[in-house]
Amino acid sequence: MRIEVNGEAREVAATTVAGALAELGWAEARVATALNGDFLPATARSDTPLKVGDRLEVLAPMQGG
Amino acid sequence: MADFYGVTLESRLMLGTAQYPSPRVLEEAFRASRASVATVSLRREAGQGQGFWDIIRGLGVRVLPNTAGCHSAREAITTARMARELFDTPWIKLEVIGHADTLQPDPFGLVEAAGVLAAEGFEVFPYTTEDQVLAARLLDAGCRVLMPWGAPIGSGLGLNNPYGLRTLRAAFPEVPMVIDAGIGLPSHAAQALEMGFDAVLLNTAVAQAGDPVAMARAFALAVEAGALARAADPMEPRDMAAPSTPVLGRAFL
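Protein sequence lines, in the order shown, are assigned to chains F and G.
Just so we're aligned: 55 in my numbering is position 55 of the first sequence, and the numbers increase by one with no gaps anywhere.
Just so we're aligned: 1243 in my numbering is position 243 of the second sequence, and the numbers increase by one with no gaps anywhere.
These aren't lab readings, by the way, just hints derived from the structure by calculation.
The structure displayed is predicted, hence computed values, not measured ones.
There's no promise every hint is true.
Said to hold, decoys possible - Not the full set, but computed from the structure, chain F residues with beta-carbon under 8 Å of chain G:
id, residue
1, Ile3
2, Asn36
3, Ala42
4, Ala44
5, Gln63
Even glycine gets a Cβ: it sits at the ideal position worked out from N, Cα and C.
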C-alpha cells in the first residue's frame, strides 16, 4: 500500500508499522516513530496496523544546540 | 553546585553538537570544553543518525535532547515523547518557537507544553525569556529548572538584558538556571556565572569559531572563572572613585 514516510510517498507490502520499518531497512536502527502526528512507542509498532495514506515519521538522533 | 533534577553536574558548561566542521572537531571540542551535557535533536533518518549516536555515546556525557524547530505546543510535546524513547532520558530542552526571525520562545505554547510534559514525568528545561511572570508560570507548570536566553539563538550578542536577568535571578534564588542562547564569547559566559546563573548552554560560539577546539577550552576556563568569582563574593560597584592605595602616610611634596 502507499503510505508517506518522512514526507515521501512509499509503497510498502507490510501491514504494520514494525513491518514497514523492517522493509525500509530500519529494523535494528535507533529511531523514534510518529504515526499521523502522534508519537508511536517502539513497543506498539508491531501491533499498530497501517492503512493507505498514513503518515509515518521516522526520526533519528541528530546534531542539535 | 546546582541540582538539575537530582543531578549535580561536574561542569557548568552545556554544549551543543551542531555546526562543527567535522565529527572529529566536534569530539575534540567537546573534550576541550569539559562540558557535562551535550544537546542533541531528532530529525528524519537519512542515514547519518546511527553514526552520530555512536559519537555522542562516546563522549560519555549526559544528553539533553531539544525540541528545536517546533512552533506549537503540540509539535513540541510529540517531539519530546519521541526524544524520551530515542535518547532514554526524561530530560528535555523544551523549545516552542514563537517567531521565525528572532527565534524567541512562544510563552503561551511553552507553558502549555511544559505542563503536559511535567505531568508525564518529563524533567523539563524550558528555553524561555527573562520574563519573571513567565518564569513563575513555568515553575507552576512543573519546571524545576529555567533556561532564560541571553540573546536570540545564534546571535552571539551575549547578555542582552542584564537588568532583566539579574532581577530574574534574584526573584527565584533557589531555582537552577542556565543561560541558553546568545552567548558569543567566553566573557559572556563568565558574566552569566558571575551574576549567579548556574550554568550556560551554547553551541554556535564554539562550533563556528575559527578554531573550535581552542574556543572550547576558552569557554571551559571562562565558566570556571565565573563560578569561582561568584563564590568569592564580588565587590559592589560604585559610582565614585575610592582610592585603593592608602592615603595615610602620603608624602607632602
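For this session: Have a go at the F:Asn36 hint: is there a Cβ in chain G nearer than 8 Å to its own Cβ?
Result: 11 Å, violated
For this session: Tell me if F:Ala44 is really an interface residue toward chain G, meaning its C-beta lies closer than 8 Å to one of theirs.
Result: Since the shortest Cβ distance to chain G is 11 Å, the answer is violated.
For this session: Please verify that hint: F:Gln63, Cβ, nearest Cβ of chain G, below 8 Å or not.
Result: Since chain G brings a Cβ to about 4 Å from F:Gln63, closer than 8 Å, the hint holds.
Problem set entry | Hint status (Cβ of F:Ala42 to nearest Cβ of chain G, threshold 8 Å) | Hint on F:Ala42: holds, closest Cβ of chain G at ~6 Å, below 8 Å.
Problem set entry | Restraint outcome when F:Ile3 is required to lie within 8 Å of chain G by C-beta distance | 15 Å, violated
Comparing the model with each earlier hint shows violations of hints 1, 2, 4; every other hint is respected.
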